[in-house]
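*Asks:* Turn these sequences into a full structure, and let the hints steer you where they fit.
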Amino acid sequence: MEMSQSRVRFIGSRELHRDLPKVLDSLEDPNARFVLTIHSKPKAVLIGAEAFLQLLRGHTPSDRLLALQLGALVQGLESAIASDDSVDADEVQDVEELAVV
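With my numbering applied, the sequence shown closes on residue 101, and no number is skipped along the way.
Read the hints as simulated data drawn from the structure, not as lab findings.
Backbone N, C-alpha and C fix where the C-beta goes; we use that ideal spot for every residue, glycine too.
Where hints are given, some of them may not hold.
Label pairs and their in silico Cβ distance ranges [said to hold, decoys possible]:
| id | residue 1 | residue 2 | range |
| --- | --- | --- | --- |
| 1 | Leu-68 | Lys-43 | 13 to 23 Å |
| 2 | Arg-18 | Arg-57 | 14 to 24 Å |
| 3 | Gln-75 | Pro-21 | 31 to 41 Å |
| 4 | Arg-57 | Arg-14 | 33 to 43 Å |
| 5 | Lys-43 | Leu-65 | 15 to 25 Å |
| 6 | Ile-38 | Ala-72 | 10 to 20 Å |
*Replies:* In structure tokens form, the structure reads like this:
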């Protein structure tokens with residue numbers, strides 16, 4: 001059984017604003033996923049309409065993996081903020097690289 005792999009890409013709000021037509025075109029691919037970040041913190045996940053319908057029908061293993069990775073990233077950032085530790089850009093980049101499937 002062949003498993004399709006999600007194409008996950010982190011994108012900042014400025015880049016999204018600048019490249020919105022390209023992002024929307026790439027969302028035609030039901031495997032495309034974008035994690036919108038603001039100040040290196042994940043704020044939203046962008047998926048295409050077909051991918052959304054697939055989610056409504058049932059989660060795929062790659063979507064569950066993305067959810068786990070995104071959850072770990074968000075929880076890690078929230079923990080750092082709660083403990084008043086500063087999260088440097090290298091730490092965020094390391095976690096983001098893990099989240100790219």
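*Asks:* A range of 10 to 20 Å was offered for this pair. Does it hold for the Cβ distance of Ile-38 and Ala-72?
*Replies:* Holds: the Cβ-Cβ distance is about 19 Å, inside 10 to 20 Å.
*Asks:* Evaluate the given range 33 to 43 Å for the C-beta pair formed by Arg-57 and Arg-14.
*Replies:* 34 Å, holds
*Asks:* Confirm or reject the claim that Leu-68 and Lys-43 have a C-beta distance inside 13 to 23 Å.
*Replies:* Distance hint for Leu-68, Lys-43 holds at roughly 18 Å.
*Asks:* Taking 31 to 41 Å as the stated bounds, is the beta-carbon spacing between Gln-75 and Pro-21 within them?
*Replies:* Distance hint for Gln-75, Pro-21 holds at roughly 33 Å.
*Asks:* Between the beta carbons of Arg-18 and Arg-57, is the distance compatible with 14 to 24 Å?
*Replies:* 33 Å, violated
*Asks:* Is the hinted range of 15 to 25 Å satisfied by the C-beta distance from Lys-43 to Leu-65?
*Replies:* With Cβ atoms ~20 Å apart, the hint holds.
In summary, the structure is inconsistent with hint 2 from the numbered list given earlier, while agreeing with all the others.
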